[in-house]
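Let the hints inform the model, and build the full structure from the sequences given.
Numbering (the working numbering), first residue to last: 23 to 321.
Derived from the structure by calculation, the hints contain no laboratory data. Hints may be right or wrong, so weigh each one.
[Claimed, not checked] Result set (BS3-like, lysine-lysine): computed pairs, CA atoms no more than 27 Å apart in a straight line:
id	residue 1	residue 2
1	K286	K222
2	K134	K295
3	K113	K186
4	K186	K301
5	K100	K113
6	K222	K307
7	K186	K307
8	K100	K160
9	K295	K222
10	K298	K192
11	K186	K93
12	K222	K113
13	K113	K192
14	K301	K160
15	K100	K134
16	K301	K286
17	K307	K100
18	K192	K134
19	K186	K197
20	K134	K307
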Amino acid sequence: MSKIYCCRNFIEICNVWCFSGGASGIGLETSRVFALRGAHVIIAARNTEAASEARRIIVENNPAARIDVLKLDLSSLKSVRAFADQFNSMKLPLNILINNAGVMLCPFQLSKDGVEMQFATNHLGHFLLTNLLLDNMKATAQSTGIEGRIVNLSSYAHHVTYPKGIEFDKINDEKNDARAYGQSKLANILHAKELSRRLKEEGANITVNSVHPGMIMTNLMRHSYVLLKVFQVATFILWKNVHQGAATTCYIALNPQLRGETGKYFADCNEEKTSKLAKSDELAKQLWDFSEELITSAQ
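Following this line, the structure appears as structure tokens:
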């Protein structure tokens, strides 16, 4: 059974932890664990009512918890910018950023910015969010001497994608099969890889890693519930509960033994091998440039 690996000594000297998608599932559990260890948690969520209920549940069991809820719809670049402006105006330090929110196997649709919804939500929104909060993280790491950490929630599904990995010229392909989801999860790993390289190059005291939380039945799977429920019954031994699913995120974000470890992919609290495409420096750089172009064209 997986455990929640959290080091109290590390989190006690952290100031603020910002978390996208903390209203339910893994997000709710990770929020609970971080708050329990004294972190000031900012839950960034599209459904602020659900996030407020999550806050109420956590505070009910931990009256000392410091949790705030802010509006964030990752499928809308306008919403991402508004959230970043609001957060940065609060003048709070930022040590840890968890890019957790996502959608999976949803019916084909375009985001408000005209981008396929899974790619827009799972990658592009997090890409912009991270960039807009990065100066805060750099300043916090420099002023406190505490290593900043960014964690992207990816998936083993990054293995199930298109032959070229990312279909840059057909990002809005209406076939929208499982490979579109895998493409977005591959993008999470490539984003962490390229950002890690850039931060190391400039000497910033921030690490960036990606994780596979495991197979967990959460609201993420609402668009394919029946199919996945059948699959779960057939492969029950491989599935985790929500507490186990949050373990690797907590481990990567908090364990002091991982200081300086960056640009890696973890599962079950251990470094894990990625697909060949996820190892590509060229593809990571191409994705970075493509993402910047999409964001610029949407303005």
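To see whether the hints hold, each was checked on the structure:
At most 27 Å may separate the alpha-carbon atoms for a hinted pair to count; K286 and K222 meet this at roughly 13 Å. Of the pairs offered as hints, the one joining K134 and K295 is violated, with about 35 Å between alpha carbons and a cut-off of 27 Å exceeded. The hinted pair formed by K113 and K186 fails the criterion: a straight-line CA distance of about 42 Å is larger than 27 Å. Between K186 and K301, the direct Cα distance comes to roughly 13 Å. Compliance with the 27 Å bound is thereby established for this hinted pair.
Straight-line distance between C-alpha atoms of K100 and K113 comes to about 21 Å, which keeps the hinted pair within the 27 Å bound. A hinted pair counts as satisfied when its Cα atoms are at most 27 Å apart, and K222 with K307 qualifies at roughly 15 Å. Only pairs whose Cα atoms come within 27 Å are accepted, and K186 paired with K307 is accepted, the gap being roughly 14 Å. For the suggested pair K100 and K160, the alpha carbons sit about 24 Å apart, so the restraint of at most 27 Å is met.
A threshold of 27 Å between alpha carbons decides the hint, and for K295 with K222 the separation of about 21 Å falls inside it, so the pair holds. Taking the CA atoms of K298 and K192, the gap is near 21 Å; set against the 27 Å cutoff, the hint holds. Between K186 and K93, the direct Cα distance comes to roughly 35 Å. Violation of the 27 Å bound is thereby established for this hinted pair. Between K222 and K113 the CA atoms are separated by roughly 26 Å; this keeps the pair inside 27 Å, and the hint holds.
Between the alpha carbons of K113 and K192 the distance comes to roughly 40 Å, so the proposed pair goes past 27 Å and is violated. A distance of roughly 26 Å separates the Cα atoms of K301 and K160; the hinted pair therefore holds under the 27 Å criterion. Between the alpha carbons of K100 and K134 the distance comes to roughly 9 Å, so the proposed pair stays at or under 27 Å and holds. With a CA separation close to 10 Å, the supplied pair K301 and K286 stays within the 27 Å bound.
For a cut-off of 27 Å, the pair hint linking K307 to K100 stands: about 24 Å separates their Cα positions. For the hint linking K192 to K134, the alpha-carbon distance of about 18 Å falls within 27 Å, and the restraint holds. Between K186 and K197, the direct Cα distance comes to roughly 16 Å. Compliance with the 27 Å bound is thereby established for this hinted pair. With a C-alpha separation of about 25 Å, the suggested pairing of K134 with K307 holds against the 27 Å cut-off.
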